[in-house]
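Chemist: Spelled out from the first residue to the last, the chains are:
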Amino acid sequence: MRANFIFSEVWIGLRRNLTMTIAVIVTVAVGMALLGIGLMINSQVSSMTSYWSDKVELSVYLCKENSPFEPCTDKKGISEEQKTALEAVIKGMPQVEDVIFEDSATAYKNFLDNQSNNVFASFLKVEDMPESFRVKLGDPDQSQAVTEELTGQAGVSNIVNQRQLLDSYFGFMDKLQWMALSVAFAMVFAATLLIGNTVRLSAFNRRRETGIMRLVGASNVYIQLPFVLEGVIAGLIGGVLAAVMLITSKVLIFDSIQNFIPEALGWNTVAGIISGTMAIGVIICILASFITLRRYLRV
Amino acid sequence: MIHFDNVTKVYVNQNRPALDHISVDVDKGEFVFLVGPSGSGKSTFLRLVLKEERPNSGAIHVAGKDLSKLSNFKVPHLRRRIGCVFQDFRLLPNKNVYENVAFALEVIGKPRRFIRKVVPEVIELVGLEGKAHRMPDELSGGEQQRVAMARAFVNRPMILLADEPTGNIDPATSIGIMKVLDRINRTGTTVLMATHDAAIVDSMRKRVVELEDGKIVRDQSRGVYGQAY
Chain A
1 MRANFIFSEV
11 WIGLRRNLTM
21 TIAVIVTVAV
31 GMALLGIGLM
41 INSQVSSMTS
51 YWSDKVELSV
61 YLCKENSPFE
71 PCTDKKGISE
81 EQKTALEAVI
91 KGMPQVEDVI
101 FEDSATAYKN
111 FLDNQSNNVF
121 ASFLKVEDMP
131 ESFRVKLGDP
141 DQSQAVTEEL
151 TGQAGVSNIV
161 NQRQLLDSYF
171 GFMDKLQWMA
181 LSVAFAMVFA
191 ATLLIGNTVR
201 LSAFNRRRET
211 GIMRLVGASN
221 VYIQLPFVLE
231 GVIAGLIGGV
241 LAAVMLITSK
251 VLIFDSIQNF
261 IPEALGWNTV
271 AGIISGTMAI
281 GVIICILASF
291 ITLRRYLRV
Chain B
1001 MIHFDNVTKV
1011 YVNQNRPALD
1021 HISVDVDKGE
1031 FVFLVGPSGS
1041 GKSTFLRLVL
1051 KEERPNSGAI
1061 HVAGKDLSKL
1071 SNFKVPHLRR
1081 RIGCVFQDFR
1091 LLPNKNVYEN
1101 VAFALEVIGK
1111 PRRFIRKVVP
1121 EVIELVGLEG
1131 KAHRMPDELS
1141 GGEQQRVAMA
1151 RAFVNRPMIL
1161 LADEPTGNID
1171 PATSIGIMKV
1181 LDRINRTGTT
1191 VLMATHDAAI
1201 VDSMRKRVVE
1211 LEDGKIVRDQ
1221 SRGVYGQAY
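In order, the protein sequences belong to chains A and B. The first sequence lines up with residues 1 to 299 when you count with our numbering. The second sequence lines up with residues 1001 to 1229 when you count with our numbering.
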């Protein structure tokens, strides 16, 4: 009985305000979809960051005979004593977790394994490959400090920090994420105002009914619930549309770049994000409705 | 049933009080006319009974409750015990007679079985039998006011407030309206009616409380409208 009555009121309200309802649905849908995409990029970036953090290492290349690099001025290459001393220095650093020495033969083998250009490979000889220390850090964020400390050590030709290569990529993802989140924020703000306006129109349209309800002693909940439910239903429909957009973007965008990145975005994460954005959408609708009702529906 | 003790009401931005130290007692089952010129405070009196307005000073008791101690949360329960009728009927134009009356019960969550039983009874009580499925715009003014009275009475209130119920109705039809109010009064409901209609007050011979500039200038049992004091 009660439920019947309230739902028929809600239906009437939604139908009378059809254009406003559609505006609310679309705004909520786009806002929540952008919020969801922002969160998806965020979770993608953080899962990739933690994946790469395990892998990132510093390559400390050593001087060889006639090495063209600036620090190898004596053109004689690194001596065995220097090598041992350098290894001790590296191992002595607190940030360093592990050090592996890669000699020319191993470097050549690794190069051939990764190299598809056979013509280029045929020029290279084992002796051309530099020797290096592969330094693994406990905390990848310390790579800058370690690099600075090792630069200028005797026998070090150059240091390649793999993290710097990844940073530009992460930086791009970061910007994308913030763009999506700030547009999402603007959309949520617009949605809040729109819902407020819709509820206001709705309250005005039904002022006769609510006036009589007040008079015959209907409780506040009974008077306000239809309006709040209108907002909730519009928010839910918007949320469902946002979920469809998020699933589509997962399939079309995130799955297509999966080939280039090791850590794919799982369906579990997507499901979590979808339910999260839906909850946020509905909560915003409820809050906006309540705040507006307090102003425009004197009980 | 209704007890005003030294009640003063001043609206914001007004110097003159709408009600000025008013004390009135209305007992259970009484029929009281509230008369006086426009702006004398009749409507303010009714609004105070409903707790639509708060007095600036003084105490109001309605149906045994001290309104100043009644929380906002409980105001709807107070209003369920008070029926209201207005000059402009206030019917819902998109609902028929039955639905308009049933609406008052639906919104306070009464079960459907109860509604099906009592609504036809009260429609008959106000003399609209056979017209339950008419829309308000198919009814005369007098009939619309009967619908409004049915809606006000359907929950068997202890008090019925009528704010110029015959104001939009011709004198002949008004007599019918008054008969219905009298019938409602005979069921034990206290009736408080604000009116300008001298003929009706004179013919009913009930208690008359006259207001002027927010003060009670006459309180007379079995009174008439224009009698000098």
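Source of the hints: derived by calculation from the structure; they are not laboratory data. Glycine included, every Cβ here is placed at the ideal spot set by N, Cα and C. It cannot be assumed that every hint is accurate.
Which chain B residues face chain A? A few, computed with CB under 7 Å, are given here [stated by the list, open to error]:
| id | residue |
| --- | --- |
| 1 | 1079 |
| 2 | 1107 |
| 3 | 1132 |
Which chain A residues stay away from chain B? Per the calculated CB distances, all over 12 Å, these [to be verified]:
| id | residue |
| --- | --- |
| 4 | 88 |
| 5 | 124 |
| 6 | 127 |
| 7 | 188 |
| 8 | 194 |
| 9 | 223 |
Chemist: None of the hints should be skipped; say for each whether it holds.
Modeler: Each hint, compared with the structure:
no. : hint : verdict
1   : 1079 : holds, 4 Å
2   : 1107 : holds, 4 Å
3   : 1132 : violated, 18 Å
4   : 88   : holds, 78 Å
5   : 124  : holds, 85 Å
6   : 127  : holds, 90 Å
7   : 188  : holds, 32 Å
8   : 194  : holds, 27 Å
9   : 223  : violated, 8 Å
Consistency note: the structure conflicts with the earlier hints numbered 3, 9.
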